[in-house]
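Chemist: Each chain, written out:
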Amino acid sequence: MTGIALPFVVMPLVVGVFSLAPSVADRGAAAEFEAMFTWKTIGRAEGLPSGKVTAVALDGKRVWAGTDQGLVLLEGEQRKVYGTGDGLPFAFVSALAVDPSSGDVWVGTLGGLARWSAGRIDAFTQLDSGLINDVVYGVTVDQGDVWVATAAGLNRFDPRINVWQSFDVSNTLMHEPWCYAVAAAAGKVYVAVWGGGVVVRDGESGVFREHRDPDGEMEIDLYRDDGLIHDVTSSVSVAGKLMWVGTYFGLSRYDGRHWRSYNQDDSGLAADFINQVVADGERVWTATDNGLSLFDGEQWRTWRRLPDQAQWEVVLTPGDAGPESGQRFRLKQGPAHNRIFAMALDGQDVWLATAAGLSHGKARAGAPKQEQLRKSARDQGGER
Amino acid sequence: MTRRKSLLIFAPLSALAALVLAGVGLSRYDSHLLLVTGRADIPRVLCTHCHWKDAPPQIGQARDGQRYVNPVALAVSADGTRLYVAASTQNLLLEVDLATKVVARSVEVGSYPRSLALSSQASRLAVSCRGDDEVVILDTDTLSVTERLKVGAEPVGLAFGPDAQRLFVANSGNDNLEAVNLADQTARQSFGAGQEPLALAMSADGALLCAVNRHVRPARQDQVSGAEITLLDVGRMRVGQRRELHSAHLGQDIALSSDGAFALVPVVHFRNQLPITQVARGAVMTGALAFVETREGGKTVQFPLDEVNAYFADPAGIALTPDDRIAFVSHAGADLVSAIDVEVLQRLCTKADAAAIEAFPDDLALSAQYVLARIPTRQVPEAMAMSADGALLYVAERLADSIAIIDVATLAVVDRIDLGGARVLTAERRGERVFHDASATFQGQFSCSSCHPEGHTDSIIWDFEIDGVGQNLLETRSLRGIRDTPPFKWNGKNPDLHTQCGPRFARVLMRSEPFPPAQLDDLVAYIESIPLRSRRAPAQYAEARERGREIFLRTHDAQGKEIPVASRCNTCHRPPLYTDLAMTDVGTDGVFDTPHLFDVGASAPYLHDGRSLTLEEIWTVHSPDDTHGRTNDLSKIELNDLVLFLQSL
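Residue numbers (the working numbering), protein chains in the order written: chain A, 1 to 384; chain B, 1 to 649.
One thing to keep in mind: the hints can contain errors.
[What the hints assert, rightly or not] With a cut-off of at most 30 Å between alpha-carbon atoms, the simulated DSSO-like pairs for lysine-lysine come out as follows: (1) 561(B) <-> 493(B); (2) 332(A) <-> 362(A); (3) 332(A) <-> 61(A); (4) 188(A) <-> 150(B); (5) 61(A) <-> 40(A); (6) 40(A) <-> 241(A); (7) 61(A) <-> 299(B); (8) 150(B) <-> 80(A); (9) 299(B) <-> 80(A); (10) 40(A) <-> 332(A); (11) 188(A) <-> 61(A); (12) 362(A) <-> 40(A).
Bear in mind the hints are in silico, worked out from the structure with no lab data behind them.
Construct the entire structure; sequences and hints are all you get.
Modeler: Written as structure tokens, this is what we have:
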């Protein structure tokens, strides 16, 4: 069960969820990658109401895709599209979360919140419910409570007793009201506040604390690793003791004691403009406006579609080196678009919500382990 | 010390002490008054002014201290030797020896036992105690309580999972279905199940659980909604389907065929888009039996239970013979049980196209094809249970405190079990019978209970236009706790309940003769005794509720400006009754009676014509100029707190 803002629990130990096309230097090794993975993109021709896919969530064999033209349920080859005529409060779906207990899907839109339940859609807006604002950016479900990040604050909704609570600058430490993303883990709720860093609510005490950029600079990160890289946060994800924060100016990692930041200029990160981070153990996936990155602490792998639209590349960069150290490999397949709004992981598969469709990287049986892949990459030499 | 000296010393001291005590007492009194009302200008009154010294007896309680039984749920042991009865107002579970037809054992289970479920081995019996938010598990051998499970609000329907390790509970107060793992009670799952789910049925193979709910989904004035059948795929633990019973509601029982292929649900088919005064044309509400094919994409067909010019109001309970041939429907408003030929229903369902499905509920002649018999009973038959061999049907005659035994072969009552209980009929008890008796309305089309189930509201917006032209939309008001809240009716024209339920009401709405005076007295006595449901605000929201209460009682707005008295919440909704017993214009096209606020969280829609589907809309949509109290200065956070406070009343 995975919502776009949910912490990811399972993550494959493979880097090659995408088919790797042969590099110019070594066509034989690349063929090995080709046989291991398949890649498919679902767009308008495959039944989506729009190519612009903005959110994705998984529930067993069900795949939920949010687009700017409605919500789509994909079950095998079946497609069911839900729009405003079906009860959605607004067509532009901005966030999705599956309640792992009931299978209900919470749908954030730019015009309200909705709950899909066995085909029925109930809408909640700021006028007819306790929703603090209709512009919903993030949603997650934590032990039955629905947490909603909106443009004017944070909501907690308990659908079992129909009680709403709201949080904003007036009753929390929030520096700004624009909540861009919300995640829950280990009894805490984490909110990425656009311009206000990260606010964390302890479920037991109800006390809020915040993480801010210590230098407070908007243009530069004055002192590296002194804290959150920037206050303009867009996403937060927690796994174990690690909290990853995506901002529009880079990525930050916090282990409870130390901060570490990453930029596109000093690491293998695809881009500083981050739409979503997904943490899993020591690894983190980063969906950006210019590709997708996976970082395992030792190495970055970044996938991009090349400008000619017919080829992709993967760049392998050591964790302690800058982008100039990256090894590039040409691929024949990959994500539909470099602008990746959201992602969801299902075992070794990955689903990406991109500006040109819903991309599914399906891992085949016998996919290489991380070390194997790293060795293969070394053997191939790459294309600098 | 002489006695005189002692007197001289102690008398002033005593007087002083008395004065101090009186002062402290008055101070506490004033604090209490201020706390409850938020007002300092209310004159002191006797404690009994609010604390109901002359409160009417609770429903089910006779004046001699005895209680009526009010059997509301039945279950037959697998071997057919024992009948279990939920005695709702005695808080007892009764065990009837079916050989002797007497109550052999009983056990106290908790407040308002409402539903029963036997495990597949019949060794465990679950009882939902609606008043305690608990489910009690009994050992059927010893008839002793082995477990008490805290569940959601107002649990009603129950069903054991296939291995009896899981228990499903319909929490009517939470509008959800709760799955409890009996081995690990912390492992619970919750599924939305319509508005006020009341009954559950599990298929024989344990793969499918069906729930039926009482109320329609909230709908706008120009929309027709319906109650819902919720179909849970037990294997996946996911709601597989939600079937709307279009234009139908008040489902309170459900039966599944032995193979789980179809479900049967008695409902009331309503026509609220037509003037409610069209009773003479039979166009207000009719009883129906919903036939629901449970497969994905299956049909949902409503078969009328009434006949042309003969109505059998308030279909309530359902039971199905083990061979699925005959269904029995109890009619609480008509004091009879209908026997239905299910094979005919199946045949009609198979043939029915979309047009036929739409037409069936209005075709009252159709029932002649499948109604096998109408079997008279005593007062208010509701719950039913079938013996395992399908030979006998047990029918709880709720307001007669008896069980009718119907022979399925002859379709006749062959015996009756007296459950005991109070013998003296109080005015409230007699009035409750009147309340449920549809014979007072034209052709017996409906009873008071048809619009006020359990004394509450049906949540429907009716068109009360007298001449049948135009519209006069009115939301059905709850009758709970209205005793001291005159005037009555939205337009406040009725100064007392005798007038409210009197001749004019009979002519306009019932289209029949008024209640005889004695019956009217009894009816009013019953309505005055309808209790409030106690709402239990979750502890974790206590602070928010308190903030909401302060907003409700506030005298100054967010800018510190004094709020005019007329624009304060507690002026019109003045505690402790939360009404000023007066008429008010809140900007909704007229002057209307101020309703009390008890149970308001469960009384949607709101405002006189139901134009507001939620409490929030009252202020966010329908009070742009603060016509409904000064609220536009409130932040969304404060409004949420206010709503939470109101939901707790």
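Chemist: Which hints, by number, does the structure contradict?
Modeler: Result: hints 1, 6 and 8 break, sorted rising.
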